[in-house]
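From first to last, the protein sequence lines are chains A and B. If you read the first sequence in this note's numbering, its first letter stands for residue 354, the second for the next number, and so on. If you read the second sequence in this note's numbering, its first letter stands for residue 9, the second for the next number, and so on.
There could be a bad hint or two in this list.
Stated by the list, open to error - Here are the simulated BS3-like cross-link-like pairs (lysine-lysine), alpha carbons at most 27 angstroms apart as the crow flies:
id, chain 1, residue 1, chain 2, residue 2
1, A, Lys477, B, Lys89
2, B, Lys106, A, Lys659
3, A, Lys455, B, Lys106
4, B, Lys89, A, Lys378
5, B, Lys157, A, Lys384
6, A, Lys392, B, Lys186
These aren't lab readings, by the way, just hints derived from the structure by calculation. From a predicted model like this one, the values you see are computed outputs, not experimental measurements.
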Amino acid sequence: MSELSVNHLLGIKYINEADIELIFKTADHFKEVINRPIKKVPSLRDITIANLFFENSTRTKLSFELAEKRLSADVINFSAAASSVKKGETLIDTVNNILSMKVDMVVMRHPNPGAGVFLSKHIKASIVNAGDGAHEHPTQALLDSYSIRERLGDVAGKNVVIVGDILHSRVALSNIYALKLQGANVKVCGPKTLLPKYIESLGVEVELDLRKALEWCDVANMLRVQNERMDISYFPSTREYTQQYGVNKKLLDSLDKQIVIMHPGPINRGVEITSDVADSEHAIILDQVQNGVAVRMAVMYLLASKIKQ
Amino acid sequence: MSQKVLLTATEINIILNRLACQLIENHTDFKNTVLIGIQPRGVYLAERIKKLLTTDYGIEAIKLGYLDITFYRDDFRRSEKTLEANKTKIDFVVEDKKVVFIDDVLYTGRSINAALTAVQSFGRPEEVELLCLIDRRFSRHLPIQPDYKGRQVDAINDEQVKVCWEENDGEDTVYLVKS
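Please put together the full structure from these sequences, using the hints given.
As structure tokens, then:
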């Protein structure tokens, strides 16, 4: 097995365990590359990649752009705010216009779930989904699993709890798919209003009590409360949310074991986790960011190798 | 498919000793010299040479690293399969050092060309030399020649040189395989 089973990375749902293993093995090598004095390899020097961000992003966009540059790809950036999308152009027209400039790969973030899948049926270039609405964010889930593997040796058999706003989170869905694929046990924890109704059909357990969830788990992935996606009020107040679902140092110290704290960023300090937890040795938040570049390099390297000349 | 033996275990042993002595001739105590085995197959040869230099010739503290050239190859997207990488391990400084690349077979020279680019990611060596066990002299695509060579072989293109090592393949032998 030395090739991905897919030509696009649209979601974790569409890939298999062997794909994940191949991506991680390749990412190991890229992690070594990005720690060299010269952090660049010439692999993708004849590939052009367009970053299409129809929704705001800082770290994902930077991470992808850095990964592309470390692979020596040519990069063009596009953000919806400063484009003809505002003038009423359709998605396919926008992308086809960009592709006619001989672009080989598209990295896309879009507010609508399924935008990547839709696009893959209409265009030739390889597509990497960098987040589509509340649907999937595959590279985030991959770098999360990669970081767990790095810290704990393996993902299989580990207990992982995803805490917070599961309802609006693409990170949660992709993480659930990825963790289950690798044989981890997954629970979700959060206020009932922020848990999707049929979440158990994905093979995860629901735990409403944060303390019990933390006592059970090896890893807690703390999600951000996505106020921008909330059209109604899902909990009475931020203060009440923090009291019930926020992790602080006191709570961690009262557990009889060490657990790993993850966060996909950006952190609302003092809401889902306190500053002393975010900056403690429990947290691998900055490792996640560094691993993000290596994992994205691996994904783009493996996808590009399937674009034949 | 037929194969004939190019080098036996005894011959390989004699050659390795000669190569080790030639290295000592040029590098004496190896204070300013580092050895780099080219992944995947050059690593076995490099480890052998290092072991010889240490045990038989008493040269301590020889620095040996492995260099993987997958991400620097010029045939990315030209071959059918995805090129899979191997581990790179260079935990010493390359800057201003004399580097000796070690590979089992020198064929087209493209791997060494990639290695020359790759090693620059770790610094600017003072000079780079090349040691190989088998030199297929009529197959070169690039102006690259070995500084130390075990045996020169005039193999034609549909023939393959197969180097087997005790630690990996159960025997020390070099075969010429005809397809």
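Hint consistency between B/Lys106 and A/Lys659 [alpha-carbon to alpha-carbon, up to 27 angstroms]: 38 angstroms, violated
Agreement of A/Lys477 and B/Lys89 with the hint, judged by alpha carbon distance not exceeding 27 angstroms: 20 angstroms, holds
Given hint A/Lys378 paired with B/Lys89 - CA-CA distance at most 27 angstroms: At roughly 16 angstroms apart (the allowed maximum being 27 angstroms), A/Lys378 and B/Lys89 satisfy the hint.
Proposed proximity, B/Lys106 with A/Lys455 (alpha carbon, max 27 angstroms): It is violated: about 43 angstroms lies between the C-alpha atoms, which goes past 27 angstroms.
Given hint A/Lys384 paired with B/Lys157 - CA-CA distance at most 27 angstroms: Violated, because 34 angstroms separates the two Cα atoms, which is more than 27 angstroms.
Hinted pair A/Lys392 and B/Lys186, Cα distance within 27 angstroms: 41 angstroms, violated
Consistency note: the structure conflicts with the earlier hints numbered 2, 3, 5 and 6.
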